[in-house]
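*Asks:* Sequence:
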Amino acid sequence: MTTNHHPDWNSSEAPSVKDRIVALNIHDTLFERIAEFPEAAIKMRFGKESALASSYVEGEVFRCGRAAYSYIRENAKPGKIIENDVEFRRVMDDLVNILLRYGLVHENSKRLNWSPSPSNVFMRMFRISNRTGPGNDGLRAANGEMTLMYRQEGEPIPFYLMAEDNEDLEPMAQFVMVWLMNPVNDWIIAPAQRFWHRMPFYPRKRLHGESDDPEAYGVDVVNSRTLSAVANALVYVIAILILLAPIATFNTIQGQTLRIAIMPFFCLVLVGAAQLMGSSTTPMFTLVTTFFQVMTIYVATSE
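The numbers in full-length UniProt numbering rise by one with no breaks, and the one at position 261 of the sequence shown is 261.
Mixed in with the good hints, there may be bad ones.
Quick list of in silico lysine-lysine cross-link-like pairs, DSS-like style, CA-CA up to 27 angstroms [to be verified]:
no., residue 1, residue 2
1, 48, 110
2, 18, 80
3, 43, 18
Treat the hints as calculated values from the structure; they're not laboratory data.
With these hints in hand, go ahead and build the complete structure from the sequences.
*Replies:* This is how it looks when you write it as structure tokens:
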């Protein structure tokens, strides 16, 4: 069985081959959802297992290193005759191979630890697709393990879960997802969907054919393309607001010395804002600010 936070490797109730095959078969719809929304592919970080594997390989590096140094010291003695290089190559290749393996384990562990956490929107989709919730503790996820490891809907996202793909959202798009889309989904979209799914006239498209739970049906989510579109729209608004602030300030302040002192501050604000927009939106941000500056100069000189 599983604990509330991690698989129990000592459990005698590990899934059989039949359990894993059945789990893969009944989650075909989940795989289709992940193909449509890659952000819904929720994976385990395996932090404890990565540390275990890393320590093992690190010990193997020490073992091969000692063997290599021992061989070199023994065969470097004066008068020592080397018949062939087979043993020398074997000892040194063992060291090289285990070092390469150690580097792969290290990079893989770092990549897993730094992977983004799932968003609330796609975590909800994943949980519903796996049918986690009250009364479903005995169900198995697509990997054959108990769905309890993903916890129930509404509970915090466990630290040991990661999103396989967040499509490298820009900082502004990430802000839109975390601070705008997630609250809207949690407080408006999700309750409305739950109410709508319980209506008797709702066309039920089941994720798993045997379930009568309304929460087992598909849900609509906001994908990264929509987030990028919303974030790009905010670029226009923020760019104009950032330019309006120094213009309004300069019109209010009459002293030339004070204007010069304030100017570097607004330059830093403009550069910082461009960084927050992200690399993909920087050209559009630059175009909007340039056009706005030209229009401001034109209006000022025509008066």
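*Asks:* Compare the structure with each hint and give your call.
*Replies:* Taking the hints in turn, this is what the structure says about them:
Between residue 48 and residue 110 the alpha-carbon distance is near 13 angstroms, which keeps this suggested pair within the 27 angstroms criterion. Note on residue 18 and residue 80: the hinted pairing is violated, with a Cα-Cα distance of about 60 angstroms set against a maximum of 27 angstroms. Distance hint between residue 43 and residue 18 is fulfilled; the C-alpha atoms sit about 22 angstroms from each other, no more than 27 angstroms.
The structure fails hint 2 only (numbered hints given earlier).
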